[in-house]
Amino acid sequence: MSVEVRFDANSHTADAIQRAAYRFADRFSIELTQDGLDYRCLLHFATEPDAAAVDDFRTEVLDQVLRERIRAETEGARNLVLSLAFSNTHLVDDGDDPADQHTPR
Amino acid sequence: MNGQVLLTSMVGEHVFINAEEFALLADKTLPTDSPTFRRLQGKQIVAATGEQLPLELLAMKTRTRLRRLAEFTGLHMFVATLRCEHSCPYCQVSRQSSDKRRFDMSEETALKALQMTFASPSRNIKIEFQGGEPLLNLPLLEFVVTEAVERNELERRNLSFVIATNLALLDDEVIEFCRANHVYLSTSLDGPADLHNKNRPRPGDDSWERAVAGIRRIREELGTDRVSALMTTTEGSLDRSREIIDCYLEQGLQEIFLRPLSPYGFAVKTKSHAAYDVDGWLAFYEEGLDYVVELNKRGVGMVERYAAIILKKMLTNDDPGYVDLTSPAGIGIGALVYNYDGDVYASDEGRMLAEMNDKTFRLGNLHSDAYADILLSDKLLTPLESSYAGSAPMCTDCAFESYCGADPVFHHATQNDFVGHKAFSVFCRRNMGVFKLLLKRYESDPYARQLFRLWANR
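Chains A and B are the protein sequences, given in the same order. At position 101 of the first sequence (counting the first as 1) the number is 265 in the numbering used here, and the numbers step up by one without a gap. At position 382 of the second sequence (counting the first as 1) the number is 384 in the numbering used here, and the numbers step up by one without a gap.
Some clues are possibly wrong.
A few chain B residues that don't get close to chain A, going by computed Cβ distances all over 12 Å [stated by the list, open to error]: (1) 35; (2) 55; (3) 75; (4) 122; (5) 140; (6) 175; (7) 183; (8) 208; (9) 374; (10) 399; (11) 452; (12) 457.
Covered by chain A, according to a simulated footprint, are these stretches of chain B (three or more residues, beta-carbon under 8 Å) [unchecked claim]: (13) 66–72; (14) 213–224; (15) 389–397; (16) 416–424.
I should point out that these hints are in silico values taken from the structure, not numbers from a laboratory. Since we're looking at a predicted model, the values are computed, not measured. The beta-carbon is built from N, C-alpha and C at its ideal position, and this holds for glycine as well.
Chain B on its own, in the form it takes in the complex (with noise of 0.2 Å):
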């Protein structure tokens, strides 16, 4: 990057120095006592012969990196129902049906989901109800919710409860149950009314009103704290970066998550996902990056959470546990999903995979199969231990690979392989295009690396 050469440590920490300076340390020849050799020595990217003391400190910087690891799954989602008002064109698993009994979980399905989700040794239990539209099965979530609280006096796990939900049906009753339990909720914000109406169509269009309505009403009777917001990006949000960035503004949201779309179920069904490429997209995080960075120059706090993610990665030593960007990858002991019917996938995009009728990400049944069958099941360690990104060509010796994952299901939709040729890849691709950026302003922009630090320790 501009004649400088990065240099990353296995838990990384970064170096650029230039390509004079390298040359001489891969010939083993710059001088120990030069500057250079000791900013890399304090970060331990090399030792002098005979060293200890950096392999020791090394040593224990992979394990605060890795400890998020042996806390197993954390994240159990229940598909409370696939039943949905809208119908959006990029959906995966929704369905339009008045049948509750075909498409909703029963409490006998949720309890043995419960039982699933307390035998991981996790100490921080979080339940995420999805859908479809989770609301449209209420009781459902209220028995787990009593449950799961119920069952935690003994367990004494740290329990936190999510509804990912459109809100469009959110009412009195719902700000209640989550008053009371103190659940968090999660939307869709795909940016101004007529991008969000038109990625998301229900009955009356007025999916971006009855959102918004939402947002402010849970803010205002909740705390500002209990939603959150994400948004999907199709072709048309490609050039409205700022515009997207502004309606979350407006809604009092300071943080957004510029998401590329999914190559998954109906996006890759109707063709969408190939309808922008993966420069569109990153010109699209450029323009949105730089954006969010002004605003906070301004002393408009906003946070742009996929670079806060990779930030922590880059200038901590710890790791945020996002399922996307880890390796092992995060199927299966970092989430897991309770369909519906029972049957137990590795991600939700696993699921969503299956409902174009590929299960290969289909770990087994809650009614049939134990706990140990489903997690020990080479269904998912096949997966977890092809994939691996140090043993795979091409991110075995990436300067990156401590920022990236390994995220086989992304892998076997788009090259049907765990492991994926990389440079083949529209994962490789998108990621090192953020890294590089993220690395570019952090080097180059003195107020982007003080904002960055910031958002890399939050």
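Only chain A is shown next, with the shape it has when bound in the complex (with noise of 0.2 Å):
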């Protein structure tokens, strides 16, 4: 049994619908194509289409859209303060391991 629902290509990407689509992996596979304007999801389940899963559906495909523009827009910020994180460990720099620095007697 198949439950067709469509996207918006303008305002979604094809990477947001299949991390969205992996999450329901337990629940139905997907199939996933464009169609003109818009992105195609044909939601296949063993047995009966569960309405339930396709709006969950629906309401993950959003969160995932809004996670990939607001990483996006703040990777720079992001960056800086996990950098500044690890700045003290001298892990990412010379790749010495401290802990080797440190044998114990």
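The two chains are supplied separately, each in an independent frame; assemble them into the complex guided by the hints.
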């Protein structure tokens, strides 16, 4: 049994839809194609289609679209803060292992 | 809130303005010489065109707030043993076993853990002994403390030790060990005897009596500051916040941490975490917080620690570094857990998940992996990077973001996703409720305002 769901290709990416679909792998499988200005998702259920799962999938796609956009917008600040966290560890630059410099007696 | 709009800066300073002023501000027509504009300017929430000073001040405050990050891992948890004589239904990790070799940390593993501990660049190193019941493996604790102190003669770090214990096995030997090495003790006290003993069954049904006797003894023999207590909230706690706080006062404890029940381990298995909802816990928290404020008004000193942690983030430019409320998350970079068998976990909750066969946060093993392999593994970097609150939907434009944190372990446990959809997040709902409550009291009660400032700056 299958259900078709469409997303506007101008405001959604295939990557976001695929990420969302992956999270629903235990509830349905998905066939994703581009159809003109839409992404066409065919959700295949093993038994009867589950309306709640389809709603949850739409919610998840919106979440993934936002994550993708916000991650891109905030990449600079995020990388700066994370690199600050590791700045004193010498793990990234010299490749030495601080634990190796502190061999116990 | 009450027709007022909350504005926060990226370092958490806040101002309430009315809806009309907010509309003008959004339209960029709020007069720059108005008192409201000046209030916002004073907290670097707005700047007039061409002004540089507010940006420089904000940058300085941001640097202050983030300075703890570069300290890297300060808390190192040694799981001395999984054995425990208690059989608490919500405990995730304990084992009822007399086979010491099977569940105890060996000296060889402890040395490897110390090697990793001192590989951290942190000036402040806290070694916390966890279990099971760590006092069941006292020789290992003595070994680790002796080795760490000796090693620190060269390292010159600010080294401290804590034993997380139920105190049931406290005896002269433990007291002398703690006295000689200035070891702190952190225990569990869930409230009155009936509640505590129901939560914490042990042979003799005397967990509360032993905990209370232990607290008294440590306070008398080692000092009042050498023991603190944590409570676990269960369904039976929810209508007893005042009694629980009174119980703490009766033991001379002047701090309480009104904690929610964690969603990990046996708490999930036994479904006990589902026994009360967020609203139920928030009502419990509100009643407890109000009672603590009332006690202070009456001259009885008492601090609610969760509020104090959040208020430091709200009212100062400092970040207390509480691992559940930091972004980037505190996993690995704030704390590391060395399990009895040498497995290294990004957090204690990560260890608890592993006991349920979910090893997502197992970073490696002390006997086979190097420090760099563990700290630079994708198993740590991926959840750290992906859960960063500034990049998460709902968090990135939430006024409370600077008070909150990224908790990838919680969201993985509850939603199987490091980021978590915040509309369905219990973590988000719970913390939003606490933030709103604290701001409400701060704005409406002059006494609470003064008290909260004291808590924030302690």
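Each hint tested on the structure:
1. 35: 32 Å, holds
2. 55: 22 Å, holds
3. 75: Residue 75 (chain B) not clear of chain A: closest Cβ-Cβ about 9 Å, inside 12 Å.
4. 122: The assertion about residue 122 (chain B) is violated, with a minimum of 8 Å to chain A.
5. 140: 21 Å, holds
6. 175: 26 Å, holds
7. 183: 19 Å, holds
8. 208: 41 Å, holds
9. 374: The claim is violated: residue 374 (chain B) sits with its nearest Cβ about 5 Å from chain A, within 12 Å.
10. 399: 9 Å, violated
11. 452: 33 Å, holds
12. 457: 27 Å, holds
13. 66–72: holds (count 3)
14. 213–224: violated (count 0)
15. 389–397: Check passed, 5 qualifying residues.
16. 416–424: holds (count 4)
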